[in-house]
Each structure stands twice: as structure tokens, then as C-alpha cells.
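Turn these sequences into a full structure, and let the hints guide you.
Listed here are the chains, written in short residue letters.
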Amino acid sequence: MISKHLSDTDLQEYALDNSHAETHIVMHLQACDVCKERVQLYQKLFSGIEAQPTSDFNFDLSRMVLSKIQSKPIFSWAIFCVYVFTVTGIASIGIAFYLLKEYILNILYEDSSLVLYLILMPAVTILLFQLLEFYKTYKAKINALKIY
Amino acid sequence: MNDNLETNQTDKYLVNKILKGDVNAFGVIIKNTERLVAQIVFKMVNDTEDRKDIAQDTYLKVFRNLSTFKFQSKLSTWIAQIAYNTCLSHLEKKKLVSLPLFYERREEEDKDYEDIINPVNRYTEEAEKFIFQKELSAILKLEIDQLPPLYKTLITLYHNEELNYAEIAQITALPEGTLKSYLFRARKALKEKLLLKYKNEAL
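The listed protein sequences derive, respectively, from chains E and B. In terms of our numbering, the first sequence opens at residue 1 and continues consecutively. In terms of our numbering, the second sequence opens at residue 1 and continues consecutively.
Derived by calculation from the structure, the hints in this document are not laboratory data. Keep in mind that the hints are not guaranteed to be accurate.
Stated by the list, open to error - Computed Cβ-Cβ distance ranges for the label pairs, DEER-style:
no.	chain 1	residue 1	chain 2	residue 2	range
1	B	Gln9	E	Phe80	38 to 48 Å
2	B	Thr178	E	Phe80	43 to 53 Å
3	E	Lys36	B	Phe69	42 to 52 Å
4	B	Glu176	E	Lys139	22 to 32 Å
5	E	Lys68	B	Lys17	17 to 27 Å
6	E	Phe59	B	Glu176	33 to 43 Å
7	E	Leu118	B	Asp50	42 to 52 Å
8	E	Gly89	B	Thr178	39 to 49 Å
9	E	Pro122	B	Gln9	44 to 54 Å
10	E	Leu127	B	Gln146	46 to 56 Å
11	E	Gln30	B	Glu176	26 to 36 Å
12	E	Ala96	B	Gln9	53 to 63 Å
13	B	Lys94	E	Glu133	23 to 33 Å
Unchecked claim - Short, incomplete list of chain E residues facing chain B, as computed with Cβ under 8 Å:
no.	residue
14	Thr9
15	Leu41
16	Tyr42
17	Leu45
18	Thr54
19	Leu61
20	Ser62
21	Val65
22	Leu66
23	Lys139
Ideal Cβ positions, reconstructed from N, Cα and C, are used throughout, including at glycine.
Rendered as C-alpha cells:
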């Protein structure tokens, strides 16, 4: 009597493709009716799965999507306002720097630690935001696994 | 291999046409890939209206991001990946996060399973013979539908769509080793459910 049977993984691999099966598996199956039946069960299972009807959408997806794409884009006041405020903001900052440039340059030359601070702070802030984004992405991937 | 090359060239031709403004060419891409998308959406999402919305969202995303696709994979694989991710986002939004990853056996089922795999238990052989005799198709559909969404999707993509592990790994963003392990577990879970269910009928 055979006491140690093939693992489920071996059975499945053999049922999927026996052309590259390892010798010990082939030999075991020749001698073990239990495992042979289990392989046959998996083969029947796989045939049954492959015979399942495919799923189809019962509507004209192509027409639905194309009609959305071809419809004229609606003008968005929100996006327009965002553009206007952004441009206005950048222009205002630029004009302020231009008008106060001598004053700003004097401050920077007198106090070099301020320059260092002005360079380091944005760099550290950007780094912190990047780390936060990495962490959020990691958490999202972990949470996604829970869905399964 | 030649078929793949031809499909790739057709896809490139269609994508170039779309990027030049021929929106109707996108309709051809939809027709060519909607079956694969349907397989994924149907397995991941149960509600009919949600499936419709997801299918539409998928292709709108494909259209918006088509210029970023560099043919590093098949176009159908890329679209399937978008469909899969859209389904995942939908499940997250609906907070359907409590679906079990594995078919979680209860203790008594573990005991049942031990009985089943015991080679001297004649009930195992009876159940197996019973399944052989019965028409598997209807039985399988019911059992597959009860599997967790990921298992259903993996089984469908591998056995029905005949995608290889690399393509499925790209669609699901799972490492190949993990993916193979999940597929083996999914098939085993399916087999066990069938045996458990029909053990009684065989007696």
C-alpha cells in the first residue's frame, strides 16, 4: 500500500500538462490508483471550467462609449477659474519679487543662514510629502489584498 | 507567435489612427477586447448596473490614456489591467472588503476534508465517481460563482481566456509566484467544495 501520495500541487501540475512531468510523479501515478483518480478528477474539473459559457455584455458597449467620447466637452467654470487664479497668483508673486528685488537680495546677502533655511525647508517638505505618498500607496496595496 | 505579431501590428495601426483623431477606430478596439473585459468585470462585480458603469469607465480611461501606451505589452492585456483596477476601485468604494481571500474552512469542514482525502474512505471514491457521472457544467457554474472574486477571475483568465502567468500577473499586479499559488488554491478550493457537496449525494 502506498502511504505517501502526491501533493495537490503535483496533481494539478500533472493534470494541466503532463508532457514535462517529473519521473517520480509519473512512476507514482503508474502505481497509485488513488492519485491517478485524483488527477483524472482535476482533468475533468479543468475541462468543465473550460466549457463554461463566456460572459457577454447585453448592451452595445461600443456605441455607448463612443457616444460619450464624441459628445462635445462642456466648458467648466471651475477649471477656468483655477487657471485664472493660478496665473494671477504666479504673476503677482513675480511682480512682487521684481519690485522688491533689491530689498530681498540685501536680506539674503546679510543673512546666509536664511538662504540655507529657504533651501532646506522646501527640500525637507518635499521629502516628507514623498514619504507620505509612498506610505499611502503601500497602505492602498495592502488594503486591496483584503478585497480578495 | 505570428498571430500575436499580427494582432500587435493591427493594434498599433488602430492606436495610431485614434491618436490622429479617428475615434471610430476606438470602436474596433472595444469590439476586439470587450469579451476579455466582460470576463473580468462579471467575475469581480455582481451587480448588473455596476458592470455597465465599470465597463464604460474602463474604456473611457483607456481612451484618455491611450497616448501613454507604449506597446510594452499586448493592448488587450493593458486594457484588461485597467478593467481589473477599475473593478477593484469599485469594490473599495462600495467597501466590499470583507470578502474572504481564501475559501476559509471551518473546523468541521477540515475534519470532513480529512475524511475525504483518507484513501481508505470509500465515500471519497464514491463522491469522485458521482462527480464523474454527473454533468459537471451546471454544477461548476454554481460553485465557481461562489468563489471569492479574485479566485473566479484567476480561474477564468487562465482556463477560459488561456492567458499565461505573465499576462495574468500584469493584469492583477500580483507576482507570478503568488499568482500561481492563488490559482492552485482556487482550483483546490473548487475541487474540495465539489467533493464536500456531493459526498452526501453519493452516499
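Verification of the supplied hints:
At about 42 Å, the beta-carbon gap between Gln9 of chain B and Phe80 of chain E stays in the expected band of 38 to 48 Å. About 47 Å separates the C-beta atoms of Thr178 of chain B and Phe80 of chain E, a value consistent with the hinted range of 43 to 53 Å. Hint check: Lys36 of chain E to Phe69 of chain B, Cβ distance near 47 Å, so the stated range 42 to 52 Å holds. The hinted range of 22 to 32 Å is satisfied by Glu176 of chain B and Lys139 of chain E, whose Cβ atoms lie roughly 24 Å apart.
Distance hint check for Lys68 of chain E and Lys17 of chain B: the Cβ-Cβ separation is about 19 Å, which falls inside the suggested range of 17 to 27 Å. Under the hint 33 to 43 Å, the C-beta atoms of Phe59 of chain E and Glu176 of chain B, about 35 Å apart, fit the expected range. For the pair Leu118 of chain E and Asp50 of chain B, the beta carbons lie near 51 Å from each other, so the given range of 42 to 52 Å is met. Restraint check, Gly89 of chain E to Thr178 of chain B: a C-beta distance of roughly 47 Å satisfies the suggested window 39 to 49 Å.
The given range of 44 to 54 Å is respected by Pro122 of chain E and Gln9 of chain B, whose C-beta atoms sit roughly 48 Å from each other. At roughly 48 Å, the beta carbons of Leu127 of chain E and Gln146 of chain B sit within the given window of 46 to 56 Å. For Gln30 of chain E paired with Glu176 of chain B, a C-beta distance near 31 Å keeps the hint of 26 to 36 Å intact. A hinted range of 53 to 63 Å for the beta carbons of Ala96 of chain E and Gln9 of chain B is consistent with their spacing of about 56 Å.
Range check, Lys94 of chain B to Glu133 of chain E: about 25 Å between beta-carbon atoms, so the 23 to 33 Å window is met. With a cut of 8 Å, the hint placing Thr9 of chain E at the interface with chain B holds, because the nearest CB-to-CB distance is about 6 Å. For Leu41 of chain E, the suggested interface contact is upheld, since its CB lies about 5 Å from the closest CB of chain B, less than 8 Å. The interface hint given for Tyr42 of chain E holds, since its Cβ lies 7 Å from the closest Cβ of chain B, which is under the 8 Å cut-off.
Look at Leu45 of chain E: its Cβ gets to within about 6 Å of chain B, closer than 8 Å, so that hint holds up. A distance limit of 8 Å between C-beta atoms decides the matter here; for Thr54 of chain E the minimum to chain B is near 6 Å, and the interface restraint holds. The beta carbon of Leu61 of chain E is positioned within 8 Å of a beta carbon in chain B (closest approach about 5 Å), and the interface hint is therefore held. The closest approach between the C-beta of Ser62 of chain E and any C-beta of chain B is roughly 4 Å, which is under the 8 Å cut-off, so the hint is satisfied.
The criterion of a C-beta within 8 Å of any C-beta in chain B is met by Val65 of chain E, whose closest approach is roughly 4 Å, and the hint holds. Using the Cβ-Cβ criterion of 8 Å, the hint placing Leu66 of chain E at the interface with chain B is satisfied: the shortest such distance is roughly 5 Å. Nearest Cβ of chain B to the Cβ of Lys139 of chain E: about 12 Å, over the 8 Å cut. The hint is violated.
Hint 23 from the earlier list is the only one contradicted by this structure; the remaining hints agree with it.
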